[in-house]
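**Student:** Residues per chain, in single letters:
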Amino acid sequence: MIVTANTLRFDSLSLDSGATLAPVEVTYESYGELNEAKSNAVMVLHAFSGDAHAAGISPETGQPGWWDNMIGPGKAFDTNKYFVICSNVLGGCRGTTGPGSIDPATGCPYAMSFPVITVGDMVRLQAMLLDALGIERLLAVTGGSMGGMQALEWAVAFPDRVVAAIPIASTTRHSAQQIAFNEVGRQAIMADPNWNAGDYYGKELPGRGLAVARMVGHITYMSDDSMREKFGRRLRGKEAFGFDFEVDFEVENYLRYRGSQFVGRFDANSYLYITKAMDYFDLTNGLRSLTAALEAVRARFLVISFSSDWLYPSYQSQELVRALRSRNCDVAYVELESNYGHDSFLVDVAEQSGLVRGFLASTFEKLA
Amino acid sequence: MSAQTVKKQAFVSELLGRSDYAIIGEIVEPNSKVLDLGCGEGELLEWLAQNKGVDARGVEISGAKVQRAIGRGVSVFQSDIDAGLADYPDQAFDYVILSQTLQEMRHPLQVLREMLRVGRRGIVAFPNFGHWRVRFSMLTSGGAPRTPLFPHEWYDSPNTRFLTVWNFETLAAKEGIHVERRFFLAGNRKVKTLPNLMAEVAVYLVSRG
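Protein chains in written order, with our numbering: chain D, 10 to 377; chain S, -7 to 201.
Extracted from the complex, chain D is given alone in its bound form:
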């Protein structure tokens, strides 16, 4: 299935910070067909470093989408039944307006003059996309990690437009530990002399800093078990230690490879802006409790966490589930056993698929 991305342009978007972004563009892909009643639309929301290419094969890169194992004919998000939409987030670097986009006022990239954005801003832009597509209500909003945060924001900010929400390996707000890891990433980027206060477009990229940030990220996405299984203490292409600071261990090679690969596809300033949006995210949003924040919510929920995910631990999902129960919301929850850490929602999808398939089917039936 070859898919192509589309881009829509809107006049302006008012941001939580008080700033206005004008104009603003959003890049999206879609899979399957919207039915006549427009009741089968599912919005898939990507995680921190994802993009609009969630499924199928990209004609540009030849690569499958980041959730291709979940979206497609006969898969959990069955494109024979559902119309699936995925857009690149605001602040991103894969088509949607972000710090690397041209500021019409100056004719140069925004860089650090780009306004600070929030998860709420991302979701309002997605709602504008949905309006443009003529879709009033979503059968489901779903995503893992930061995608789950957007799904929750959708359910709270647009309660009448969301029938069901499936936040996976996610949280209602970032913990100190999550903020701490993001801050390490940001500091690595800003410590790179090439970062140059964000003004590096058309020049040497802050590749070292961005690569280190990504290396730290990858460690948090895995688990002790999965790293031991994948790398152990195996040496890379040698029988004995090199007694130098070249790559000795397989895990070093992997992290370096992942880091350098990331530099080619991700904008360092987007890293700063999007991680900041994640850190600011708090569903309670100044209210006294999570329960109070969920007052308007009407969606039914499927919440999934993973046993080895120490970046978004199960207790965060359980906090959400308890608050939903205290609101007497319709909520299903399970912690799946997996060794793959936070990455489980992307790579260990067999059981997750069964859950999503059954939950979506029953939601769709109830709607009909």
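Keep in mind that the hints were calculated from the coordinates and are not lab data. Be aware that a few hints might be false.
Example chain D residues on the side facing chain S (calculated, C-beta under 7 Å, incomplete) [what the hints assert, rightly or not]: (1) Val330; (2) Arg331; (3) Ala341; (4) Val356; (5) Glu360; (6) Gly363; (7) Ser371.
For each label pair, taking beta carbons as the anchor points, the in silico distance ranges come out as [as the list claims (entries may be wrong)]: (8) D:Leu43 <-> S:Tyr147: 30 to 40 Å; (9) S:Leu8 <-> D:Ala370: 53 to 63 Å; (10) D:Lys47 <-> S:Asp74: 37 to 47 Å; (11) D:Ala370 <-> S:Glu96: 55 to 65 Å; (12) S:Ser199 <-> D:Glu238: 33 to 43 Å; (13) D:Gly273 <-> S:Glu96: 51 to 61 Å; (14) D:Glu45 <-> S:Gly179: 44 to 54 Å; (15) S:Leu8 <-> D:Thr29: 56 to 66 Å; (16) S:Leu163 <-> D:Leu43: 54 to 64 Å.
Here a beta-carbon is modelled for each residue, glycine too, at the ideal position from N, C-alpha and C.
Got chain D; can you put chain S on it based on the hints?
**Tutor:** This is chain S only, laid out in the frame that chain D set:
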């Protein structure tokens, strides 16, 4: 009305292979809101949703069972029963079902109280430890009783509470729990006399009166 139909019959047909489910299936009113504690793979909830249009929710501790329940479209969350009940507001459900689980509870009294806080009515089904076969087994073997209903060895039984019909009635009276209906079963047969001796399974519909 449907519950009375059940009462008149000497035999109870099984529902999903269980006679207590058949009683529960009759008791629960259509389009009501039901919470099933220890719902397993959600078979009863699925049946109630499909046949009685109930808004069905469940609590189950086993992750594998929760997965299968969600896969069949039932809203089940993974939790132990005590923690699962605490978060709900008062009178959130029309019925809270505790089917063949009371005897496994660590804090059965607390669970009963919570059931009737969260639900307008409770449906409690449990195996009767006072059944004559249990008594006979213990008397003759001198060991922990083993019967078709209590088949486990003492060291690997999930049951931690050994209650009888008489025990439950006494507790209900003491706690001010109103028994609206009671059903006693031996196999698929309804027991009319001496339930504490003759019933293998008891099903109670209770409320705060």
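**Student:** Each hint needs a verdict: does it hold in this structure or not?
**Tutor:** Outcome of the hint check:
no. : hint                              : in the structure
1   : Val330                            : holds (6 Å)
2   : Arg331                            : holds (5 Å)
3   : Ala341                            : holds (4 Å)
4   : Val356                            : violated (18 Å)
5   : Glu360                            : holds (6 Å)
6   : Gly363                            : holds (5 Å)
7   : Ser371                            : holds (3 Å)
8   : D:Leu43 <-> S:Tyr147: 30 to 40 Å  : violated (59 Å)
9   : S:Leu8 <-> D:Ala370: 53 to 63 Å   : violated (21 Å)
10  : D:Lys47 <-> S:Asp74: 37 to 47 Å   : holds (44 Å)
11  : D:Ala370 <-> S:Glu96: 55 to 65 Å  : violated (32 Å)
12  : S:Ser199 <-> D:Glu238: 33 to 43 Å : violated (54 Å)
13  : D:Gly273 <-> S:Glu96: 51 to 61 Å  : holds (57 Å)
14  : D:Glu45 <-> S:Gly179: 44 to 54 Å  : holds (53 Å)
15  : S:Leu8 <-> D:Thr29: 56 to 66 Å    : holds (59 Å)
16  : S:Leu163 <-> D:Leu43: 54 to 64 Å  : holds (57 Å)
Hint compliance for this structure: hints 4, 8, 9, 11 and 12 are not met, and every other hint is.
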